[in-house]
Every structure is written in structure tokens, then in C-alpha cells.
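S.K.: Take the given structure of chain A and dock chain B to it, following the hints.
Here the protein sequences come in this chain order: A and B.
Per the numbering used here, the first sequence starts with residue 4, numbered consecutively.
Per the numbering used here, the second sequence starts with residue 108, numbered consecutively.
Misleading hints may appear alongside valid ones.
Listed next, the stretches of chain A that the computed footprint assigns to chain B, with coverage defined by at least 3 CB atoms under 8 Å from CB atoms of chain B [to be verified]:
hint, region
1, 81 to 89
2, 134 to 142
3, 173 to 186
Derived from the structure by calculation, the hints contain no laboratory data.
The C-beta atom is built at its ideal place from N, Cα and C for all residues, glycine as well.
Below, each chain spelled out in residue letters.
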Amino acid sequence: MIPRHFVIAIAVLLGAVLALSFYVWHMRTVAVSAPIASPDTRPLAPPVAGPTERVTLFVAHDNDGTLRAESAQIPLSSGRQQRAEELLRALLSLYLDKSSPHVLGPGSEIRSVFLVDPGVAIIDLNSAFADTHRSGVLVEELTVASLIHTISANTPDILKVKILVDGKERDTLAGHADLSSFYDVTAVNQLATQLQ
Amino acid sequence: MLWNSRSRRAGTPLRVGKTISLAVGLIVIGAIFLAGALVGAATDKHLSVYSVAANYSLPVVQRDGRDYVGLLELLEPLGKVSARSDNRGWRLRYNNVEGDFQTGKTHARVQGRDADLGGKFIEENNRGLVPVTSLTSLLPRFLGGPATLHEESGRLFIGSVATHFTASLTGNNPPRLVFHFTAPVNPSIATEPGALRMTFSREPLVAPASPTLTFGNKSIPSAIYSEGNGKAVLTVNATIPVIASFSSDGRTVAISPASAPGTAPETAHVPSSTTPASGGAAVPAQPAPAVSAAAPPPPATRRYFAVVDASHGGDDHGETLSNTLLEKDVTVALARSLRQELESRGIPTLVLRDSDANLSLDQRAVFANADRAAIYIALHAASVGHGVRVYTALLPYGSDDRGIFLSWSTAQRTSLPLSQSAANAVVSEMQRRQIPVRTLTAPLRPLNNITGPAIAVEVAPQGSDSSQLTAPDYQQLVTSAVATAIAATRDQLGAAP
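Okay, chain A solo, but in the shape it has when bound (with noise of 0.2 Å):
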């Protein structure tokens, strides 16, 4: 004869771990039907308003290999590290393009250009602006060649210029262009002039 205290807790078990496990399809049903969370394109400023400057931006070109001088008319601030993150991310606008010369990976962007004195820039781009960029030495050689020079020829006494990646140093942009050094401004300028 089973008595009659165990034949309840028999029964309280089995009707908790029916109403748990009710409770846990219900759980996963809602988790289903819950939409994906998109990625987040919020801006993060405002757009700079004001006066534009004419400014000459040193833009990629894959067919061919080159860098080439374009001029472009953009609004930019008087500080001098946001004139630098203004200049860079116009570029990026232009990267980003539909009909870009040179295609960067959805989602690429400049977080911050920091100015250290004496002579010292560093680029902060997003995890995405690397891993989605295209491997090779060219193609990478002419992104950071872009960006450095671009950078040095609007700023001026810039030295040497460090590219992190979400604020951390990585070996290489995707494989083949080292990031783990600074690069000499002048050296890249003399690059940019080859790849003219």
C-alpha cells in the first residue's frame, strides 16, 4: 500500500513540471516570434552645420589601382581633431557609395580621430571596417594610403599616424596591410605620389 502522503507529492511534482514545461514552450514560442534586433545606424551627432570648406580628399580607385586627388565641398568644424574625423568620414561617404571606385564593407566607419601633439593621429575605425574589408595588398594598401593621406594633407604637422580598430591595436587591416606600427607620413606621401 503506497501511502497517501507520498501518492500527493507524486502528484504536486508531476503537476509542477507540467506547468513548467507549459511555461517554457510559451517562453520559447514568444523568443520566435520576437523580431531580430537590426543593426543600430542611429547617428551618433549631430550633422555639422555651418559654413564648407573646399578640401581635397585622396580617393582609391580599384580598376586601376590609383589614388587620386578629388576636391569636395563639405561642412567642417573649427576644432582641429573634428575638422579630422569630418574630413575622414567624408571620405568613408564616399567609399560607401553605390558607384564607389573603391567598395568598403557595410557598416564601416571612422569612430574617432584623436591629435596628439607632437605630430600624432590616430585613426579609430569600427570592428566592421575591417572585418568586412576586402583582402589583398593592394586593396588594403590603398584604403590606409587613402586615409593617411588624405589626413596629413589637410592637417598640417601630422608626423605619424596609428589605425586601431574598436580602440584596440589589430597585426594587420585584413591579412596583409600592417596596422601594428605607425605609419610615417612621409613615407605614405611618397607611397600616395607611386600610386598616383
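M.R.: This is chain B only, laid out in the frame that chain A set:
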């Protein structure tokens, strides 16, 4: 009473029999224990320690199911060390660093800072025992530098002492497998049917990225790296009798067929005293072909003129050129083709990566620099652009050169003019053959770390079809042009220090 008298009568021989049985039993048990002890002694665990000061081995003891090692004994060969025990615990002093340990405690204090031992500290007969696993965190506190423990195999590396190696197969008939080591080695060599085994008990040899190296050759299909009980072992699988020969002061070990011509004069066909299974070129009576070994000969100084580096490899695929084509595969094919072209012009050539192994950029530079080759050529492949790009190093900003010691990141600086000469020669030859070509500088490692002339050649298809990169005709067209240019500048490059 009758029963008693019978039992007493029978008792004497019974007791004698029991005594004899007991004695025999004790002897058997004693023998078993003795044999066990002997076997145990033969298989005692050891920790091999590799450091700049000394390479040595220490016994590992088991306590509470963990491996322990004496800390004093470990530090003794490395510097001035002393230990004393009192009622406050066990105190160790290494040079000017002091550590306090308490029996049964899982933490110690080194220079006043807490250090996790990951297990209890044990003091036995004034010996301080620490868990082997604690050494990677404990030793840097005393030594001020990194320590790397290979726990499974019982190998401890103190500082940057590791010896790296590459393997490349030159020629197919007969094949010659060449191991290049970053420091001289002197392994003991044993043979068995179908394999030659090199055991490195004193050398801090470390594994390549992939422990199995495949060469795509029927005679010498693969080599396997393994570690165990303080030793590293390289096993070369071969389907023909092979011999091992040493050169370059023990930095190079070549495995070649026992009857292959041309292995002399570097090869000494002398049976080694450390080759238990070898008898010179004797072949064990097995269906599978056997290998034999030779001892290191007097040092020779063979020098490769060119080092060809098939870029990427292993987990690093490089560019995905098409759905079925990876850059790392194209570069190996190009490297083999370039080696053939160079050697057909009388230029001794080493291919750094001749299999799908992953070599770090630093390792590639170390091998190229250690070999003191007259030219280093890195090969890349790309789908963007047309034709060939020849690169020299774009050096990073600044230099930390200190007198004769060159900065690693700008080691190429003094050789850059020669590198540019070599690049220009390659460009001229390509132009002569009407291959689209340009020369550029590039921030491409390890070009900037190479101490001699160094160039990189990136091959893109002439049109838009990436499959041209795998076409033997196109590969030969490019590599033949590179080889001709290198041969033309041979005197200039060979004169470089």
C-alpha cells in the same frame, strides 16, 4: 582427545607448510613491489626546463592527485637562491626577490604581493613543493619574465628560448625533406618500419601551427610533431628507406632516400650510437620500407641563396579569390614553381612553407634572417587589378636601433636599396615579357623585419578571371621572369653581407 592428539601430530608438518607458503607469498609480493618500484622509477615524470641560462630536468612528484615540483631546485640553476624554514613558514629568496609560503595554503606572498598557487603548498624535509600548474604565474614574479608551461608534456619554457622549425620538400625524384631550425639541434634518431623518429630531449623545440605536416609526396608523405614526458618528437613517415643528415651547424636536418645520389658531402652515413633501431642503411625485415639514420657530421655551411615564402597558410587563408580558390593555395603553387625556376638557374632555394602549415610573420622573418639568404621573396595572389605588383618594405615611423642592434620593425632599413634594385630588376624582366607590372612600397610584414634584401610579389590575373592564377602556364610565366631577374642580379645580391 583422539582428535586433539591427531591434530597435534599432524600440526607440525602443517605449520611448516603454512610457514613455507607464507614465505613464498611474501617473496612473491615483495618481488611484485620491487618490480613495480623499478617500473615506476623508469616511468617517473619529469619536468624539462628550458632557459637561456640552462636546460635541465627535474623530478615531478604526485601529492593529492596533483603534480608538484620543488621550487628551490627549479630556481637553483637560474640564479642565486636560498630557502629557510621556521615557524612562520617557508621563505625563499631568489636574487633580490623574496617569497613566503605557508604549508597547506593555496596562496603565497612574493615581494609582498599575493600569488595564487592553484593548490596547496607542501613542505617536506625543508623542501618547498608547489603545483606544477602554478609555475606560469609564480615564476614571472621571481624571474621578471614570462614562463610558458606545456603541462601535458611536462615542458617549461622560461623567456623566449623556443626553437622553431620549418619543413620543406625539395624535388620529387628523389625527394629531400629539409628541416630548418632556428637554433642548432642534436636529436637522437630511431627508426622503425615506415618512420624515422627524431627525439629532442634537450632542445626547446616547439610545435608548428599544425602538428601534422603533409608534403604531397608518395615517398615522404608527412611528418608529425608530438610532445611527451619532457621531450619533443618529430616523426617522419616514409615509404622508402631514408637517412637523416645534418648541416649548417645542426640547424638543418635533411631527410633523403638512403640510396639517393647527391646527398653527400653534407651527409655522414655513420650509424649513430643513439639510434637503437638503426644499423646504418639496414632495412628491417618488414613489408613496409624502413628508414635508417646517420649521426651529425662535422658542421657544414650550406647557404640558400633565395628564400621563397608562400604567404598565408593553415588558418590564414589570405584572400578568397573565388568560391573554390584561396590565396594560400595559389601562393604554395607559385612558390614551388619559383623554386624550380630558380634552381634550374643554379640558385639554391628554400621554400619556407611547402605545406598547409601556418607560420607566423615573425617565424617567417626569423627563418629568413637565420638563413642569411641573399634574397627573400614573399609571394601573394590577388583578384584585384591586373598583372604583377612588386613590393618593397614601407618602413614604419622611427627606429629603435641601438648601435649594432637593429630594431625589429625597421630591420630592413639598411637593405632597402638592394631590395629596390631587386624589385626593379623583376619589373624590367616582366616588362620585357609584356606582363603588366608595377613596383610600389607596401606596409607588408614581414618585409620590414628581414635583414637582407626582400621583396614581395603579388600576382593578379591578367584579365578578370581569377582562375588564371592556377594556370601552370601563367604561373610559370611569372615565376620564370622573377627567377631570371634574380639570376641577373645574383652578383649584386650575393655580395650583400
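S.K.: For every hint, state whether the structure bears it out.
M.R.: How the hints compare with the structure:
1. 81 to 89: Not satisfied, violated; 0 residues make the cut.
2. 134 to 142: holds (count 6)
3. 173 to 186: Holds, because 10 residues of the region 173 to 186 of chain A bring their Cβ atoms closer than 8 Å to Cβ atoms of chain B.
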